[in-house]
Structures are given as C-alpha cells and as structure tokens.
Amino acid sequence: MAQQEPEELLEMSSDTRSILEEHDLRPLWEVEDEMGTVLDDPEADIWKWEDIKESIDAIERDVPIADLPPGFQRRVAVPINTANAISNTIYVGIQTVSPGETAPSHRHGANALRFTIDGHEDMKTVVAGEEFPMKDNDLITTPQWEWHDHVNESDETAAWLDVLDLPLVLDSLNAKNTFEYHELERQPVTKSQGYWASQYGRGRAQEDLKEDGIPGPFEGNQEPTPPYRFQWEEMVESLHQRADNNDPNPNDGYSLSYVNPASGEPPLFPTMSFRAQLMQEDTDPHFHNMTEVFFVIDGEGITHIGDEAFEWGEWDIFIVPPDEIHHHEPDGEATLLAMTDRPVFEAFNLYAEAEPSS
1 MAQQEPEELL EMSSDTRSIL EEHDLRPLWE VEDEMGTVLD DPEADIWKWE DIKESIDAIE
61 RDVPIADLPP GFQRRVAVPI NTANAISNTI YVGIQTVSPG ETAPSHRHGA NALRFTIDGH
121 EDMKTVVAGE EFPMKDNDLI TTPQWEWHDH VNESDETAAW LDVLDLPLVL DSLNAKNTFE
181 YHELERQPVT KSQGYWASQY GRGRAQEDLK EDGIPGPFEG NQEPTPPYRF QWEEMVESLH
241 QRADNNDPNP NDGYSLSYVN PASGEPPLFP TMSFRAQLMQ EDTDPHFHNM TEVFFVIDGE
301 GITHIGDEAF EWGEWDIFIV PPDEIHHHEP DGEATLLAMT DRPVFEAFNL YAEAEPSS
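Residue numbers for the sequence shown follow the UniProt record's numbering, beginning at 1 and rising by one.
Derived from the structure by calculation, the hints contain no laboratory data. It is possible that some hints are incorrect.
[To be verified] In silico lysine-lysine, DSS-like type, Cα no more than 30 Å apart, as pairs:
1) Lys135 with Lys191
2) Lys135 with Lys53
3) Lys48 with Lys135
Remember, it's a predicted structure, so these values are computed and weren't measured experimentally.
Whenever a hint applies, use it, and build me the whole structure from the sequences.
In structure tokens:
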C-alpha cells in the first residue's frame, strides 16, 4: 500500500471545501505545491472580508495548526486569481493564529511582511531575535533568510495579511524559494523590543550590520531590508498631516510610501512597494503596467476597473490588473493599503503610467 503524503492526511469537511471554492480561496498547503506551473493573466476581482472570515473559521474548525504537515504549519486562506495566487508577482494570504498557538520558526528566500488586520500587544511575530507586537494595522517586515515565528499569548484569535513575492520567484522566474525550519519551534529572543528600530530608525551603527545576518546569503544591488515594525498610529498621523497641508494626488489621494529603513527611500523591498493611501474625494482615471492589490483598512467606496465597478468595505481585498483604466470613489473618507510590483518594472526601466487620452 502506497504511503500517503502528509497533506493528503488533512481532511476538510465538504462544507468547508464548498465555502472555499465558492469564494475563490484555497488553503496554503494546497497552493504552495503547485506554484511554478501555469501563468494566467490576472483579472480584476474582489474578495469580501465576510467571505474570507467564513472560510478561515471553517479551516480553523477542521484543521488544528498542530495537525498541519511540515512546511505548511500556518493556517492561511489564499485568494486565487491567476494560477495559485492573487497575481503572478505578489502573493497575499490571510493568516490566523488561535490563542496559545505558535506558527513554528522558519526562514526563506522570499521577501515577506505581515500587515495586522486584527491584533493586540500579546500577538507577536518574532523576527531576527526580536519580538514585534502586532497591533491593528502595524506593518512588520520579514527580510530574506531571517528566522521568524508567530506566537499568540492572548485569549483572542489574531489575523493578518501575509504578503510575499513568491509568485515572482516561483512562477514568473521559475526559480526556487529556499526554505528552512529552525531546530526549535520558537527561535530564542536575543534582542530587546525596539532594538531594530533603534538601529535603523534613529541612528546608524558604524560597524557593518551585515554581520548581524542581514541579508543572509542573498546579494544584489539594493540595500537589504532590515526587520522593522511600522506602527500604524505614526503612519496614520502622517497621512492626516499630509491631508491638512498638501493637495491630493489626482490618482491616489494622499499617500505615503513605506520606505526601506536602511536607505530611507522606497521601495520597501526590491520586488514590492507598499503605500498607505488616504482618500477623501473621487480620484481621476489612470492606468499603469504594474499589478496593484488593495486592502481596505477602513471606509467604504467603489473602484471602477475597466467596465466593472467593485464595491468595497473594511478589510476587503481587490486587485487592479496591469493596463486597466481605474479610479476610486470613496464614500466619505477611506484608507487603503496598496501593494504593487512596480520595483520590478522600474529595475528594467519598463514602468509606465498615464491617464487615458479620451
């Protein structure tokens, strides 16, 4: 009798399977194995939070995190648009960790970050020896080849966005994502809270910080991204200061890019850029050749993409494919997180953006 693969032993109920299929979602352990296969053109689409939440709750009922096979011990619902992700360059997953659970320590070659949807001080992601609290709307970087794990020491389930450049590496480049598990479930905490911010956010040490493991074995012509927690209370204050003192961009409203703390400039990663976007009025139509994924932090509105109109609200996720004319119509004030693959195009002088001629 042939031995079953670990993921084949995982059973989800027919109800859970139906919920996932209905909302174009899949669990992570079914997605990662099939990456590097087929590339489809991304399409404009939206994933409503109520549908995502229903799917996550169903997975959590059926599959305890301890039962997941090695390499997949993260409870994640993955929006599916192209082959096995939301786009051919950017992967977005919605991950949850229940009270008392730990997502085991590991590291990989992909660039990654966490954007907290529903968190608190006692939900922590540990990166490069430092515990980073995950409060609502905080953005925490996970640099290449740095150990990271997630632990929930509270009595509430926490949720966040996982954003990685996996499809770019595995599908578009047909390369391999180097991956390794730590010998311990939780990496040792060797730095006090605030250590990485003190090294990059205020002053800069004279000695070469590369000795501290940034960026591991990966080399390039960009300054490596360090571990860092962008606290939302500071970012939203800066957004409103901008709104109080500047004119809005006609296409994006008021926005601020998340910068690489090592260089003080965008993009946050060599392969992905991120910005917080505050809109108080309708924007003008435009188009570009990058993929743009939006997460609704708060507010409601409609985004027109091509001939379609997508109504969105808090915590929804939607995608604007390359070359589609689009504009936003917020209902009052709305705040979005924008995620793009623009740096990939800029690296080759191929980025293009314009307003429609008619």
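Structure-based check of each hint:
Our distance criterion of 30 Å between C-alpha atoms is met by Lys135 and Lys191, whose separation comes to about 19 Å. Pair hint Lys135 plus Lys53 holds up; C-alpha atoms about 19 Å apart against a cutoff of 30 Å. For the hint linking Lys48 to Lys135, the alpha-carbon distance of about 22 Å falls within 30 Å, and the restraint holds.
Hint compliance for this structure: every hint is met.
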